[in-house]
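2 protein chains.
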Amino acid sequence: MNTMISEEIKTTKGTIVSPKGFLAQGIHSGVKKAKLDLSLIYSKKTALCSAVYTTNIVKAPPLLWCESLTKNNNKIQAIVVNSGNANSCTGDRGYKDAVLMAQTAAECLNIEKESVMVTSTGVIGVYLPMENIVSGIKKLVPTLADTEEAGINCATGILTTDTFLKSITVEFEINGTPVKISGIAKGSGMIHPNMATMLNFITTDANIEKELLDKAFKSNISDTFNMITVDGETSTNDMAVILANGCANNPIINKEDENYEKFKKALHIVTEELAKDIVKDGEGASKFLECKINGAKTKDDAKILIKAILNSNLVKTAFFGQDANWGRVISAMGASGVKFNPDKVDIKFKSKTGEIELYKKGKPLNFDEEFAIDVLKEREIQILVEMKEGVAEATGWGCDLSYDYVKINAEYRS
Amino acid sequence: MNTMISEEIKTTKGTIVSPKGFLAQGIHSGVKKAKLDLSLIYSKKTALCSAVYTTNIVKAPPLLWCESLTKNNNKIQAIVVNSGNANSCTGDRGYKDAVLMAQTAAECLNIEKESVMVTSTGVIGVYLPMENIVSGIKKLVPTLADTEEAGINCATGILTTDTFLKSITVEFEINGTPVKISGIAKGSGMIHPNMATMLNFITTDANIEKELLDKAFKSNISDTFNMITVDGETSTNDMAVILANGCANNPIINKEDENYEKFKKALHIVTEELAKDIVKDGEGASKFLECKINGAKTKDDAKILIKAILNSNLVKTAFFGQDANWGRVISAMGASGVKFNPDKVDIKFKSKTGEIELYKKGKPLNFDEEFAIDVLKEREIQILVEMKEGVAEATGWGCDLSYDYVKINAEYRS
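Protein chains in written order, with this note's numbering: chain A, 4 to 417; chain B, 4 to 417.
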């Protein structure tokens with residue numbers, strides 16, 4: 004069931020252990036009542052690591068541990084993740100717990116604890132049940148495997164209120180050598196530009212220099228994970244990380260040539276797909292919104308405008324209500340802080356049913372309300388804005404605001 | 004039914020026409036199906052005017068008209084307001100309609116159109132039904148009165164999705180001469196710091212210099228109307244305005260003496276009360292939240308933190324769910340952009356039932372969950388945060404996010 008993305012990069016059936024040299028697993032340790040809640044990704048060889056962390060200044064203890072590793076450019080061999088409890092706002096005791104998670108995994112795997120990243124996601128401000136976690140890690144490590152089942156368990160163990168598993172694998176060749184990149188994600192709620200609440204773990208067997216790995220990863224993130232929003236919140240915990248273990252044995256990617264571009268493009272497919280999946284699974288979301296701004300003065304302007312539109316509760320509730328309320332779009336743009344001339348703006352909404360022109364050169368257009376309802380009935384809708392201020396453009400993704408968002412978040416802790 | 008606010012300033016039964024020299028009225032003109040939708044405030048003498056407008060760069064045509072008047076320090080004699088249609092994003096035709104509203108009122112009142120402010124609130128992007136508006140103004144002017152009924156009609160005609168009328172009158176003496184200030188407001192939804200979607204009209208018969216009127220009004224607004232939020236949105240239309248016609252004939256307030264301080268304090272009571280009423284009537288709100296930050300480095304820091312907390316959908320849904328989820332409060336603070344040490348922060352929630360300490364010096368506290376539910380069952384709740392970074396403090400007001408917010412805004416246009 005391979006799908007051609009381009010001549011050279013294919014999405015393929017696979018899991019986080021599809022790239023060579025990776026093992027994984029996910030089990031139930033007892034943080035949650037019954038669901039899988041503890042996952043581990045392991046690389047047989049130490050791997051290069053790029054990571055991006057939340058911009059929230061209240062950072063959870065496990066993130067502080069991970070940052071200390073990546074700041075020192077440590078090679079990484081394992082990532083331990085628990086769901087159900089974020090180990091956040093838990094002070095010194097929380098930090099000791101995070102280190103104990105790394106240490107326990109390191110002992111079981113017979114590696115240095117400084118090569119073990121630790122991540123937690125779930126409720127804030129409750130100490131981790133360390134007995135469950137420690138015995139869970141000891142139980143998990145012997146079951147690490149490179150099977151599809153192990154990969155799926157691992158992807159499942161990182162989820163919280165997610166309603167579906169998020170995973171993608173792509174393959175391509177570097178000078179005739181097959182290389183794979185695979186990613187899994189946890190999203191749902193509290194998703195916002197600037198590396199907000201989500202976990203993204205990406206594995207690749209590509210042989211690539213650290214500097215180029217960093218460059219490719221960070222540029223992809225700014226156009227994918229940082230261009231999605233569910234509710235404008237940034238969490239204390241979340242991060243995106245890629246491990247590259249070189250096990251594909253391709254000729255090393257060490258300059259910005261066509262091999263680097265191919266790697267970057269393949270990685271972009273992975274990060275964009277995971278980013279979109281996170282939004283599609285936004286808490287209570289009934290609509291998937293893609294917002295494209297064209298003709299902006301700068302790309303930054305375009306991105307700020309997109310976030311203002313997609314974070315507006317009034318825009319989001321209008322789409323939930325299937326109402327072609329373009330006035331809320333232009334109003335959100337006007338409040339964004341970006342300078343532009345409203346009298347030049349065009350706004351259209353589009354879905355697979357068709358396109359509705361709503362606003363042209365600062366003037367409302369008459370449109371067929373019945374057709375508009377048909378267009379907005381679809382689950383996937385595009386908001387298309389033409390600024391006529393310049394040539395910059397950007398795209399971002401968001402979702403509507405529904406009764407279920409309120410329900411999920413009013414009842415989450417209990 | 005007078006209530007003593009302090010020895011010198013009393014809230015009193017009254018309406019927008021309680022200060023001397025003002026007349027008002029509100030009628031049904033046909034913009035809305037049946038409810039009152041057209042109001043007018045008139046001062047027998049031209050009045051000094053201070054006004055603050057939305058920060059949204061997409062400004063509705065009537066606001067552009069008003070700004071042109073106040074920029075030139077025009078004296079104002081009338082304010083015409085329609086509800087049900089915002090005359091926003093309506094381009095040149097919208098501007099001509101706004102001017103025609105001013106002109107029609109001016110002709111009926113036999114005054115200059117440059118002394119007539121015009122305001123509209125309601126749906127965006129639809130041209131005004133000018134036939135109804137023009138004949139409405141002609142019908143309204145002969146019925147202008149200084150009766151309680153006229154004042155209530157005027158306050159009612161400016162409302163949109165509001166569920167109650169917002170009005171307050173205070174009285175005090177300047178060197179033995181009685182002076183009154185009265186205000187009415189339209190709020191509900193799209194309320195946000197920076198003079199967002201609300202209309203506030205204040206009348207006073209005080210005799211005061213323009214410069215001091217401006218100073219008192221602007222400083223009050225930054226601590227009242229600009230410290231409330233319902234959904235973080237800023238609209239294209241809204242504004243706060245005060246007319247001072249001097250009809251009380253008090254000795255003029257022309258320096259920052261105790262008379263000025265008394266005037267400022269009285270005005271503060273009016274603006275704070277209207278601001279709180281707007282939040283209490285936030286769309287779908289079931290909780291009224293007062294957030295106090297103490298011990299911040301600067302007042303600006305405190306204000307930014309308050310807005311971050313009160314605009315967080317996760318915080319708002321937690322209060323709707325009566326969940327003592329202080330983790331979302333500290334997380335919202337961490338994402339606000341303000342620099343602080345989370346390890347010094349204390350967080351408490353308080354209502355008339357009692358107080359719960361939740362977080363102290365960066366550590367979660369054990370608390371009685373049943374008592375917490377009792378505390379959070381109340382309609383009015385305080386979020387108390389101690390930063391221990393400095394001595395600055397601020398207070399702001401917001402509301403929860405409920406199913407009804409989604410319902411109201413998903414169905415508003417239809």
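None of these hints come from the bench; they were simulated from the model.
Wrong hints could be hidden among the right ones.
Heads up, the list lumps identical chains together, so a pair's fine if it works in one copy or across two of them.
Unchecked claim - Capping the alpha-carbon separation at 27 Å, the derived lysine-lysine pairs in BS3-like fashion look like this:
| # | residue 1 | residue 2 |
| --- | --- | --- |
| 1 | LYS99 | LYS300 |
| 2 | LYS47 | LYS116 |
| 3 | LYS302 | LYS265 |
| 4 | LYS283 | LYS410 |
| 5 | LYS279 | LYS218 |
Hint by hint, here is what the structure shows:
Proximity of LYS99 to LYS300 under the C-alpha cut-off of 27 Å is found in neither arrangement, the shortest distances being 48 Å within a copy and 30 Å between copies. Taking CA atoms no more than 27 Å apart as the test, LYS47 paired with LYS116 passes inside one copy only; the shortest distance there is 15 Å, against 81 Å between copies. For the identical chains of this complex, LYS302 and LYS265 are intra-copy neighbours only, at 23 Å inside a copy versus 51 Å across copies, given an alpha-carbon limit of 27 Å. For the homomeric pair LYS283 and LYS410, the shortest alpha-carbon distances inside one copy (18 Å) and between copies (21 Å) are both at most 27 Å.
Only within a single protomer do LYS279 and LYS218 lie at most 27 Å apart by alpha-carbon distance; the minimum there is 22 Å, versus 49 Å between protomers.
Of the hints listed earlier, the one the structure fails to meet is number 1.
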